[in-house]
Amino acid sequence: GIQVEQSPPDLILQEGANSTLRCNFSDSVNNLQWFHQNPWGQLINLFYIPSGTKQNGRLSATTVATERYSLLYISSSQTTDSGVYFCAGGGTNAGKSTFGDGTTLTVKP
Amino acid sequence: KAGVTQTPRYLIKTRGQQVTLSCSPISGHRSVSWYQQTPGQGLQFLFEYFSETQRNKGNFPGRFSGRQFSNSRSEMNVSTLELGDSALYLCASSLEPQGGTQYFGPGTRLLVL
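Listed in order, the protein sequences are those of chains X and D.
In terms of my numbering, the first sequence is residues 104 to 212.
In terms of my numbering, the second sequence is residues 100 to 212.
Next comes chain X alone, as it looks inside the complex (with noise of 0.2 Å):
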């Protein structure tokens, strides 16, 4: 099956800054999510990428499905930012998506 792989693992950061997490994939995707998980557990959908990019609020997300990877981008980071994000893909059934283990991110005020 196919392979998920985020980095960083964790990522510490004032709050204010930019961050970039990044997603790899071991074979072509057709379909491509991000999501944020907050402290209790919910898991919240940012985008539905599997390829271009797309932007929301201090958010945005760039797929680049020929060479397997996408990235997060996390721009003027705030406290409530926190928390764990995951990327997610699969084939043609999106509904069988593998997850990454995703980046924990922790905004410090």
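For the record, the hints were derived by calculation from the structure and aren't laboratory data.
Backbone N, C-alpha and C define an ideal beta-carbon position, used for all residues, glycine too.
One or more of the hints may lead you astray.
With the C-beta cut set under 7 Å, the calculated list includes, among others, these residues of chain D facing chain X [unchecked claim]:
| hint | residue |
| --- | --- |
| 1 | LEU142 |
| 2 | GLU147 |
| 3 | THR200 |
| 4 | PHE203 |
For this one, chain X is given, so just place chain D on it according to the hints.
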């Protein structure tokens, strides 16, 4: 629209018991997927249902089963519980299984004693 709902939110069981978890997808969504999250194994795919049919199953023992009803609500059952089944069980819904955004419920935290 209401989001994905899962019941119960918390559950404590003892080894050998069985448990049933419920998931109601977003209205209009016909695909429901289940995932298990543990500190050691991360997020792992359990199974996916679409139009009352199981389309995919992850690498879990037969003690884990599920079903989907005609209104798209889904249940998963774990029989003969083991300590290692303690986990956060997450349900996700999407419009179609072939692509698109998955929306997750708040999860059910299961503790097996």
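Status of each hint after checking the structure:
For LEU142 (chain D), the interface hint holds, since its Cβ comes within 7 Å of a Cβ in chain X; the closest pair sits about 4 Å apart. Checking GLU147 (chain D) against chain X: minimum C-beta separation of about 4 Å stays under 7 Å; hint holds. Below 7 Å, beta-carbon pairs count as interface contacts, and THR200 (chain D) has one with chain X at about 4 Å; its hint therefore holds. For PHE203 (chain D), the interface hint holds, the least distance from its beta-carbon to any beta-carbon of chain X being 4 Å, beneath 7 Å.
Of the numbered hints stated above, none is contradicted by the structure.
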